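Visitor: Here are the chains, one letter per residue:
Protein chains: 2
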Amino acid sequence: MILLDGKKISSDIKTEIAEIVALFRKKGLRPPHLVTVSVGENAASQSYIRSKIKACEKVGFDSTNIKLDQNISESELLDVIEKLNVDPLVDGFIVQLPLPESIDEFKIISSIDPSKDVDGFHPVNLGKLLIGIDTFISATPMGILEMLKRYNIPTEGKDIAVLGRSNIVGKPIAVCLMQKTYPGDASVSVLHSRTKNLREKLRAADIVIAAIGKPHFVTSDMVGENAVVIDVGINSIPDAKNPGLTKLVGDVDFDNVAPKCSYITPVPGGVGLMTVAALLLNTLKAYKQRNGID
Amino acid sequence: MILLDGKKISSDIKTEIAEIVALFRKKGLRPPHLVTVSVGENAASQSYIRSKIKACEKVGFDSTNIKLDQNISESELLDVIEKLNVDPLVDGFIVQLPLPESIDEFKIISSIDPSKDVDGFHPVNLGKLLIGIDTFISATPMGILEMLKRYNIPTEGKDIAVLGRSNIVGKPIAVCLMQKTYPGDASVSVLHSRTKNLREKLRAADIVIAAIGKPHFVTSDMVGENAVVIDVGINSIPDAKNPGLTKLVGDVDFDNVAPKCSYITPVPGGVGLMTVAALLLNTLKAYKQRNGID
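First to last, the sequence lines map onto chains A and B. Take the first sequence: its position 203, counting from 1, is numbered 203 in my numbering, and each next residue is one higher. Take the second sequence: its position 270, counting from 1, is numbered 1270 in my numbering, and each next residue is one higher.
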């Protein structure tokens, strides 16, 4: 069993990006610039944004954090986005979700210039994903693809079971892996709460991608020998060893599943750590496209 | 075994639409207006367009056929599209594919106002499809959904095998059927030329959607007892009974498969006939949205 080490890979990616950015600077080019937009004081959102900004600093990107008042109107937020859309010094930007209920998230995301949509949530970019046209892939699916790539895990002709059909993980990673590319060219099944014989279907899969948001849902009887298991879940549960505290666990019962696997991601330390690296890769890509760099 | 009768259903849909259009006229409203745009003299394209215009006439839609010269430039075609985008009397329009090689199809399709994209090929509409937001679904997937609906075929929790992963059938129908809607909420597998154990996978499916473009590819040993079989293939092969002539057959070996099925579509007379009806439904929908009619 080999651990798919999100810490190592994301660190490798950051090192590679930092080297590229250093080269840009040597050539007299400005570095890539990521802007984060957040509305209100959601503690989790602020923590995510801090880690994104920290990652930008680490690789040498410029970053700007626009923090907007909880009571901002939809049209004011649209104005902020329009300014970022036309600003030639902004390569990519993200609007941190969730937004206050008074604001239409889909409308906001649809107003982002798709060429700056480094979160990959704009419907144009999702549409391109579906038909296999190069685009910005959102952080979690892209993190999974990078992991498969960097461990040279074969996918062509493999049976991949995607457990969960969310808009940010299940459906996009499924359509990525059915394209005629690597990682991809697989036979992909999307399984979920309505699926019958779930145990058998998961057990028959060469690669299981668990993104159902239920702690320890995937048990060892649901996984075939030598399967590759990608655990996207990040669930907070009471920590038996430390009463009153919580701990993070995945959708997979790691301790019992891992011995059967050829590869498996730990939680924490797996896919979760890849998402910021994916955002950096997308920002670098947007920068290159904007500046005609190959 | 029950035949899924594309002729009957498409005729029913046309009758229903004609009644709705008659009501509009009674209220003094103009009828829906579909514009078809074609470039050059492709015989198949011209035949498709004729059938679309004929269907418009049948239901009482206005239609306009814009026939452009084979040598039109990309920018001239973009100008034509821009005029249609802003014309308040055009509810929906389609650009008949294929286009001459000198013209970038994706660019052309991306230039259509998504609210008039009744072919459902614009990336924004494909992106909405992926994340389950109401949109224009392209003709073949929509024809399949209508068939499932009008025969009340249960899909929730069913195992659906989609054979083929094209941009116009396999991938879009797969993502439709995995949404939490009816028809949908199914466990969907997308199978193709790289799939291993294809026979077993198809045989285990409750519903098979064959869209692989190979005549009589799906044989009776690949289909389970009481399966529902939707045959999207339209293949021209030599007609053994009429030497020198050809006949149309599907991707399914109908004669041998049909006796095992609970439902099956014939070819011709099945899904193929649904596509024009789907275009009419989309045009009606665009008209209603444009005019604020519920």
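Since the hints were made in silico from the structure, they are not lab data. Bear in mind the structure is a predicted one, so any value in this text is a computation, not a measurement. Please note that the accuracy of each hint is not assured.
Claimed, not checked - Chain B regions said to be covered by chain A (calculated; three or more residues, Cβ under 8 Å):
#1 1063–1072
#2 1088–1101
#3 1148–1162
Stated by the list, open to error - Far from chain B, some chain A residues (derived; all Cβ distances over 12 Å):
#4 Leu3
#5 Ser11
#6 Asn42
#7 Asn65
#8 Leu68
#9 Ile108
#10 Asn152
#11 Asp185
#12 Ala186
#13 Asn242
#14 Gly292
Unchecked claim - Take a look, some chain A residues computed to stay more than 12 Å from chain B by CB distance:
#15 Ile2
#16 Ile9
#17 Ile66
#18 Asp79
#19 Asn125
#20 Ser166
#21 Gly184
#22 Asn197
#23 Asp221
#24 Asn226
#25 Asn256
#26 Lys285
#27 Asp294
Idealized CB from N, CA, C, for every residue including glycine.
Visitor: The structure should be examined with respect to each hint, and the outcome stated for every one.
Guide: Results of checking the hints against the structure:
no., hint, in the structure
1, 1063–1072, "violated (count 0)"
2, 1088–1101, "violated (count 0)"
3, 1148–1162, "holds (count 3)"
4, Leu3, "holds, 27 Å"
5, Ser11, "holds, 32 Å"
6, Asn42, "holds, 22 Å"
7, Asn65, "holds, 27 Å"
8, Leu68, "holds, 25 Å"
9, Ile108, "holds, 14 Å"
10, Asn152, "holds, 18 Å"
11, Asp185, "violated, 5 Å"
12, Ala186, "violated, 8 Å"
13, Asn242, "holds, 38 Å"
14, Gly292, "holds, 18 Å"
15, Ile2, "holds, 23 Å"
16, Ile9, "holds, 26 Å"
17, Ile66, "holds, 25 Å"
18, Asp79, "holds, 22 Å"
19, Asn125, "violated, 7 Å"
20, Ser166, "violated, 9 Å"
21, Gly184, "violated, 10 Å"
22, Asn197, "violated, 8 Å"
23, Asp221, "holds, 19 Å"
24, Asn226, "holds, 15 Å"
25, Asn256, "holds, 25 Å"
26, Lys285, "holds, 18 Å"
27, Asp294, "holds, 20 Å"
Checked against the numbered hints above, the structure breaks hints 1, 2, 11, 12, 19, 20, 21 and 22 and satisfies the rest.
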